[in-house]
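Visitor: Residue numbers (my numbering), protein chains in the order written: chain A, 1 to 164; chain B, 1001 to 1138.
By construction, these hints were calculated from the structure, which means they are not laboratory data.
Incorrect hints may appear among the rest.
Stated by the list, open to error - Computed from the model, here is a short list of chain A residues facing chain B with C-beta under 8 Å:
#1 G69
#2 T105
#3 Y109
#4 T123
#5 K132
Claimed, not checked - Computed list of chain A residues with no C-beta within reach of chain B, every gap over 12 Å:
#6 V36
#7 T46
#8 A59
#9 G60
#10 S94
#11 R95
#12 E108
#13 A111
#14 D112
#15 G116
#16 A155
Cβ coordinates follow ideal geometry from the N, Cα and C atoms, glycine included.
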Amino acid sequence: MSAPTEAKEPLITPEMRATIGVEGRSTTQEVDRTMVRLFARATGHTDPVYYDVDAAKAAGYRDLPCPPGFLGTPIFNPGAPRMDPTAAMGPQPSRPLRRILNGGTEIEYLADICAGDVLTSATHTSDLEETKGSIGEMLVVTSKTVYKRDGEVVAISTGKLIRY
Amino acid sequence: MAVTWAEVQEGMSIPELKKNCSTQQLVVWAAASGDFYQIHYDDGFAKNTGLSGIIVHGALKNAFLGQLVHDWIGNTGRIKKYGCSYRGMDFPNQDITCKGVVTRKFEENGEKLVELEIWTEMADGKKTTPGTATVVLP
Chain A
1 MSAPTEAKEP LITPEMRATI GVEGRSTTQE VDRTMVRLFA RATGHTDPVY YDVDAAKAAG
61 YRDLPCPPGF LGTPIFNPGA PRMDPTAAMG PQPSRPLRRI LNGGTEIEYL ADICAGDVLT
121 SATHTSDLEE TKGSIGEMLV VTSKTVYKRD GEVVAISTGK LIRY
Chain B
1001 MAVTWAEVQE GMSIPELKKN CSTQQLVVWA AASGDFYQIH YDDGFAKNTG LSGIIVHGAL
1061 KNAFLGQLVH DWIGNTGRIK KYGCSYRGMD FPNQDITCKG VVTRKFEENG EKLVELEIWT
1121 EMADGKKTTP GTATVVLP
């Protein structure tokens, strides 16, 4: 975490700092059997609990459980503007950063999530950090998405995006 | 058989999970995850962005690590938390080996917990996706 060596102004503007903690628009994710099966198949899971409702129930689940990493599918809206990952982040850094890398992800589970569940989620920026690495100056944006089912928090995912 | 907390020892390795993605698997993953970025299925597009070719989705490697942990704990255990960092690229038709080592065994709030280091490894041993997991075991 070295400070910029040149006398450049910080990448992170006060307007960006002001977005920390501000909850974004709420979105709805459906967890359905077909998508649980597709996600499990795409990963290569072999445990029948992800495919066979009877096997899932025999193992103690209400229905097909979400495989690790799956938190439902956002409802597609053809009228919605196309997702632009930079636009979605609100105020922009003092110098343009055109490239994005997914730095990492972590999910904390507070309850089992199964097919039939409908989750609502909202994302907020939880941290902004600027640093220099082998790829030049970088902005690391940490965001948290809180997933709720009937008002109860069932999962929290934390993601890091690296803009450079 | 699913593992129990009593059987776990710090420092022990968990069974490996071997993967080798076809480009077809990446397309199935694109549909499953909703990540349709072309660098994961369009070789020309990937090369135009400066990559040597199609690369494996980071989130797919994260899902592989989830399977690694799930296959170890079965359905009597529960993943409490898990994740990884994307440190290096992996490519289709190359071996990706998922591995894990128990780093801590403890009890907290009445739960029997185990922490692990988990990662994906290329054929030359380079760890491209290091992460951690916390699981609850019976």
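Visitor: Each hint: holds or not?
Guide: Comparing the hints with the structure gives:
Interface hint status for G69(A): upheld, as the beta-carbon distance to the closest one in chain B is roughly 4 Å, under 8 Å. For the restraint placing T105(A) at the interface with chain B, the shortest Cβ-Cβ distance is roughly 5 Å, inside the 8 Å limit, so the hint holds. Against a cut-off of 8 Å between C-beta atoms, the interface hint on Y109(A) holds, since the closest Cβ of chain B lies about 6 Å away. The interface hint given for T123(A) is broken, as the beta carbon of that residue sits about 15 Å from the closest beta carbon of chain B, more than 8 Å.
At its closest, the beta carbon of K132(A) sits 17 Å from a beta carbon of chain B; the interface hint therefore is violated under the 8 Å criterion. Non-interface status of V36(A) relative to chain B is broken: a Cβ of that chain comes within 12 Å, the nearest being about 9 Å off. Residue-level check failed: T46(A) sits 8 Å from the nearest beta carbon of chain B, not beyond 12 Å. With 12 Å as the threshold on Cβ separation, the claim that A59(A) sits away from chain B is violated: the shortest Cβ distance comes to roughly 4 Å.
For G60(A), the non-interface assignment is contradicted: its Cβ lies about 7 Å from the closest Cβ of chain B, within the 12 Å cut-off. Remark: the non-interface label on S94(A) is consistent with the geometry, its nearest Cβ contact in chain B lying 25 Å away (cut-off 12 Å). With a closest Cβ-Cβ approach of about 21 Å to chain B, R95(A) is found to remain outside the 12 Å limit, as its non-interface label requires. Not every CB of chain B lies more than 12 Å from the CB of E108(A), the least distance being 4 Å, so the non-interface label is violated.
Not every Cβ of chain B is farther than 12 Å from the Cβ of A111(A); the closest lies at roughly 10 Å, contradicting the non-interface assignment. For D112(A), the non-interface assignment is contradicted: its Cβ lies about 8 Å from the closest Cβ of chain B, within the 12 Å cut-off. Every CB of chain B lies more than 12 Å from the CB of G116(A), the least distance being 18 Å, so the non-interface label holds. Annotated as non-interface, A155(A) brings its C-beta within 12 Å of a C-beta of chain B; the closest such distance is 10 Å.
Checked against the numbered hints given earlier, the structure breaks hints 4, 5, 6, 7, 8, 9, 12, 13, 14 and 16 and satisfies all the rest.
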